Amino acid sequence: MKYIMNTNLPPTEKPELFSFSFQITGFLKEFVKLTLFDGSGSLLTKSYEKLELSLPRGLYQLHIQSNENVVQKLIRLNGNYEEKVKSESSYSSITGEFLTSSHEYYSKTADHWSKHATIKNKEQLSSSLFIFFRYPDKETKSKQKNATKSLGRSFILLNKERKLLYGLHKTNIKEDLETGWMAFHAPLEPGIYYLVYLGRNKREIPLFVFTDWQTQLFITFKKTPIFQTTRLLIFKPNHQVPNKSERVEMDALLQKMQNGIFYVPPSILKRFANGQLENPVFAMAICYAYFLCGKNKYDNLIKLIIENLQSLIYKNFESSDLKAILLLAALHFKKEIPYLEVNFPCMFLPGMKIIIEQASIHSDKIVLKDIAENIVPWLKNDSIWTSYKPLKHLLSDSLDVPLYSVLTDSPAYEGDLSFSSYEGADSYDEADGNDGSGRDYGSKSYYTKTFSSFESELIDWIGQSIANQLSIKSEIKPSIEELALQFQITPIMVTERVQQLNDLSFRELSRVVPSYFTITNQRVNSENLKDNIQFLLDNH
Amino acid sequence: MDKNIHDYAVVVGVSHYDGLTMLNGPAKDAEEFKNWLIDTKGGNIPEENCHLVLSTESPLLPIQDHIDQLFKKIFMILKYDDFGGRRLYFYFSGHGLGIEWRDTALVLPPWSDMMRNYALSSSEYLKAIIESGYFKEVFFFLDCCRNRMIGVRGANPLFGSVKPGEGTPKCVSYGFSATEFDNKAFEAVIQPGNGSLLDNDRTRGLFTVALINGLKGAAAINGRITTRTLMDYLHLHLPLMALEHKKTQIPRFHIDSDIIETTILEGLPTQSIELNIQFREKARKVILEDSNLNTIKNDSTDTGPWKIAVKKGLYAIRYAEDELSTTSIRIDGTLNEVHYEY
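Chains L and P, in that order, give the protein sequences. Take the first sequence: its position 420, counting from 1, is numbered 420 in the numbering used here, and each next residue is one higher. Take the second sequence: its position 334, counting from 1, is numbered 334 in the numbering used here, and each next residue is one higher.
Isolated chain P, as found in the complex (with noise of 0.2 Å):
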């Protein structure tokens, strides 16, 4: 398959901090986006115009001139491109401060009470990007918090245009942030907030991995993945992730255009799943049914373990006599085979 030449990312993780607290997460994090970004059956973006930051500690790095350059490098490419750009992608995974509604310091290194503006402005990158009219399309994914801290603002870009460029207008722009403005869960004490979960090595933002899972073919509807399904897929799985571990995690979504719904993915294979049903009782008649009713399966559990082939969706099995034991089983896609005990 071509590769996506004109499309192009930014993607910043920072674990490191000089007056907050370290997190576990970013890095990796980070990384597995770029992954999926420059993936044949992902973004499938040339690696070369996938520009992937980590932090560092000693030194706290980086700071704003880093990625701006980054920014500027994208766009010296695209000054002498006729085609320009398509579209841009821009992650970010760290310490995060609600501004407004719309804007969220995305906080760097460098950052303490002192230096309290060391944070990049989102609404003001995205502001800037668009108005550079290289792309048509800007995709912002920021994984932080948004709570709000008196006298913060976070910086405008360095780089800037005399006035927006002629591809402005037709820029569309969406903005996915991991949780809603200035949220901060501290209500109950076995519940103690939002954001990433601590597990040594293994730590990820739970918005990124809800993200990635839909990007990689969950959030797809008939093998197409939109603005529009894989908002409703995060809206679905990511509240149900964060509960898993106890947290309260709502994701806010941001359309600055009339175009509500944008292909990010299509043609992604609705690949058959074989689903390998186990049963712990014996002797009792089970249905299995699709998410319009159907029955596929409608046999003893004496019969198992069964083996179905089935499509990406939801799924219901129960036993013929008890309504009430229905329980759903969702196939996600993202993987050939899925294993389930009932």
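Next up, chain L with everything else stripped away, as it sits in the complex (with noise of 0.2 Å):
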């Protein structure tokens, strides 16, 4: 127990003290931040789940931080005190107990939709991914006036070899268009998917499926899908009691993650060491979130968490979060860094993010191939989850049927239904979740071009960057591996774009030169970049 002075008081007056305690109880209560405040508004002290101390008579004020909330107690001290406060409810996208977002009408749906596939023809395996799309609730639902269509539409499955599984219209999932829910639940083989989002800004979220557990998508709908509040968790089908709280925790652990807040509270970290909990995304999540908190004062926890994780997934070596993991661990612990080759992208975006960093810097042990380094250029930041914007040369060749019979589980359109002109067809605004009001970066123009217009442009932002670097003339010039390192993506990618811009003319080049350095001469800056690149490929 601590004392702490009231500095309201003058320093030689010895006040009485009063014993202080006060609790979170029930649901999550390791996840609220207590910090207390004295009568002069200077912070006494700062703890999660209970403050024990000793106070001298006076006011004091309380703020109760849980996820998204911060609430604030007046506490009036004039003797012991004693307070245990039951943690209040959240928000989520996920369904289940304790959650207010929960709805009846979403959670009996999502319960039951979870253990029946909704697929025709499916076969019994141990695997599957479930997804639920669904609305805060049925009241704003049911303001969307021209939100008629399927929450489903757009959305296409991609296996590990990027061709179509399903598409999410009528004949694959269930729904109410009025409560507005679409369930998705397929029986698969263990390992690596996509979802790919075809509507207005595109966006693609890899799945992995592991063994014997149910991949669980959940995200919120407000006309179009809001990715800002995807939810991945992971499901034991067969289990007779599912347990409801672990799912929560994990929620809030993933909440506070999202909210740059990586904490893990001692208790779930001794559970898991000790091997009570043996949910391999949980513990992947916590993995992620001790690691990035940079603290080490339960790093034999740690340890034995990623031993448990290990033998959880033994059948699913290939995850990239598994790798990622392997490679915090080695630097959290000061170890040699693995040889990692990565083929396909993490399910949490800091995985995806350490890997590249440690690419561009290890480049003879990390190597990124095929999907993991394509999407680098065009990842999303606004989730914990992994998404960005699917390429399209990618996609097409996943796809052997008209997109839109895919979409629409419609016969094929006669025209021609180009993978651009299909983009028109998606009129409504987008509800991303960002009301434009953050100091945030809001995407302007180029997330919203077609990738038709796109293709037009000569290089893209790492070639742009690669061009502005190097059109400046200097004495001291990159090399290859200090513009990877610098631009965070791997040395391959650097080498191509260098070679991309060596191939373009030299009219070509000055189109790509800085336009904002109007000081120096267009030309000069050309000259200066088509001499820098030759310099680099010379000595590469």
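Read the hints as simulated data drawn from the structure, not as lab findings. The model shown is predicted, which means the values in this text are computed figures rather than measured ones. Every residue, glycine too, gets a C-beta built ideally from N, C-alpha and C. There could be a bad hint or two in this list.
In silico BS3-like cross-links for lysine-lysine, where the CA-CA straight-line distance does not exceed 25 Å [claimed, not checked]:
(1) 79(P) to 127(P)
(2) 79(P) to 170(P)
(3) 335(L) to 303(L)
(4) 174(L) to 108(L)
(5) 163(P) to 477(L)
(6) 223(L) to 143(L)
(7) 73(L) to 297(P)
(8) 530(L) to 477(L)
(9) 14(L) to 311(P)
(10) 46(L) to 86(L)
(11) 28(P) to 41(P)
(12) 143(L) to 222(L)
(13) 311(P) to 73(L)
(14) 285(P) to 73(L)
(15) 223(L) to 389(L)
Here are the computed distance ranges between Cβ atoms for each label pair [what the hints assert, rightly or not]:
(16) 164(P) to 25(L): 51 to 57 Å
(17) 337(P) to 73(L): 23 to 29 Å
(18) 274(L) to 261(P): 38 to 44 Å
(19) 283(P) to 245(L): 35 to 41 Å
(20) 84(P) to 508(L): 49 to 55 Å
Output of the computed footprint for chain P on chain L, the stretches with three or more beta carbons under 8 Å from beta carbons of chain P [as the list claims (entries may be wrong)]:
(21) 38 to 51
(22) 74 to 82
(23) 462 to 471
Assemble the dimeric complex from its two separately framed chains, guided by the hints.
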């Protein structure tokens, strides 16, 4: 127990002290942060779950901060004080007890369809993918007068080879347009899958299905999907009594991570280290949060958790998240960087970022290949889950049938419905949760372009950034590796862009030199660029 | 009062962007901060030592060079000043991107997906300013988001020193960021994110509003504002201000020194403030207490409205027979008269 002086009192007076105890109880109590201020506004102490200290008589202000909410409480301390407060319920895309946002009409439906496949001709497999889209509530849905189309519209699911598996249309889903939900459940072989959204502001989300587990994806809609509300959970379909509190704890941890707070309650660390929990995605989230918080108090526990995680998914060693966690562990414990070949994206964005960062530093040990490398320029940063703008050439390869029929379950359209022309069909406004008021990067131009218009650009942002760098005459010339480190991409990607720039004519090159630096002659910049490209290629 | 002639400031407000959404608050925020800096009751800096840069749409300015030239101007004065500088204030309001825990890319107007490094690295600027050796104290106030984007690196300053200046080891620095690293809270539909409020001409950054209020006296304890009292004030008030607007925003502070507490401003008058309390109910006994639970007044609501001389601090008011009716009245010291209805 601590003793804290009340700063309002002259230092010579010895104040009478009272014991002060404030505790959060109930679900997610470990995630509630308590901050105590005295009457003058000085911060006295802060801690998760409970505060116990001695305090002089007086007025105090307590901040009770759960993930998305801060509640202020005035405390009039006139004697020994003890209070227990039940934690407040929370909002989430997932359904479950304790969440105010759950609503029976969503939770019962989600529960039912997570246990029953929605596709026809399903095989009996122990691994599966469950996708549940929902509105915040049915009242919100009823106000969306124009949103009469299926929530699954514009979504397709690709397999590891990026071949089309399913369109989320009425043949493959169950839905209720009135209350606003859609469920998709398909038994699948373990491995990586890609959920692609082809509506306005296209996006792709990699989903890993683990052996004997069901991967669950939840997204809240408001006309269109609000991808920032994405939640990925994992569930054991054959469990008679699913651990509901574990599910909500995991959601709380993910929500904290979404808000940039990397905190794992010690009680959860201990439970996982003791092997009491067996959910691999929860274990992954714990590892990420622990390594990203930069502390080392529970290093012994996290080592055990990684061991447990490896044995939990011993059949799924190709998981890129597991590779990212092993890499983070090597960095944290200052061990040798492991050799890693990453062929497809992590589900967790922090995992993707650490792999990209370290691939530029240790290009001999960490190799990004195939789609994992191709998506790097197009990663989105508004969620803890990896997502990116899908690449057209990777998509079109996968589509053996006209896109329109895939998306609508209708007979193939006879005219030319190319990828870009479909874009215009989805004309309603994006309600992506960004009200434009944040001092945050908003998507103004580039993300809203169609693929066809983007491809008319000579080079992408990486090529442009390299061109900017190389169009300045300098005695010290950067190497491919230095450029890779600077742009947080792989050396292979830099080499490709430099080669791409080298293949441009002088006239085309002059189009990509920076237009903001008008002090220098455009022609001189282009010549510098050409010289520096040659130098890089000669010395590579 | 003599001006703090050895103090300097660079204040930047960027509203216009090539590849990002326009912001409505930064110009007003930056102007307000500059006004505090040159106010005799505030930073008390000579106006010529305080450089304000506001963005323009056509042409899209400022570019990095404009800002660096202002630092050069300050350094050139200090180069020939035997006393050197005392304090440097750097304020930025605009789009921001988190790079690392202590580094934020302060995004400039030409920024776009293509020109994704067109931003200032806050940590590199801080380092270069400290290593100039001209200042004893450096304050950075950054009112911008800090979420991350792949491949974004803030630019190093164009100015620099061959070797760290003589004053470098004695320089202390304090960074006040509007939000946590990597923070972007787009969780609930009703709660879309962090940042400023969209309210036409009155749009303001929440952080700057709280910051200026604190600097104007609300963060003072016994007439003195220190780095610690300002941090505590922002910790207490910014999340609540954000909450009123259905946003989540927690400030973050960085101190590069063993000296945690430095006085920002002192000698602020502990003036008497008139608290004017009106009562909704009749014939109820009401007690007003100060933060040490001393009774200031205990009387019937029928004697209202009460006009009581109080000082800055926290007060509690309640019905005598009902302790659960207690509510707080915080007098932050920035107004001479406070009205409250109970």
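Hint numbers the structure violates, sorted upward? When the structure is compared with the hints, only number 19 turns out to be violated.
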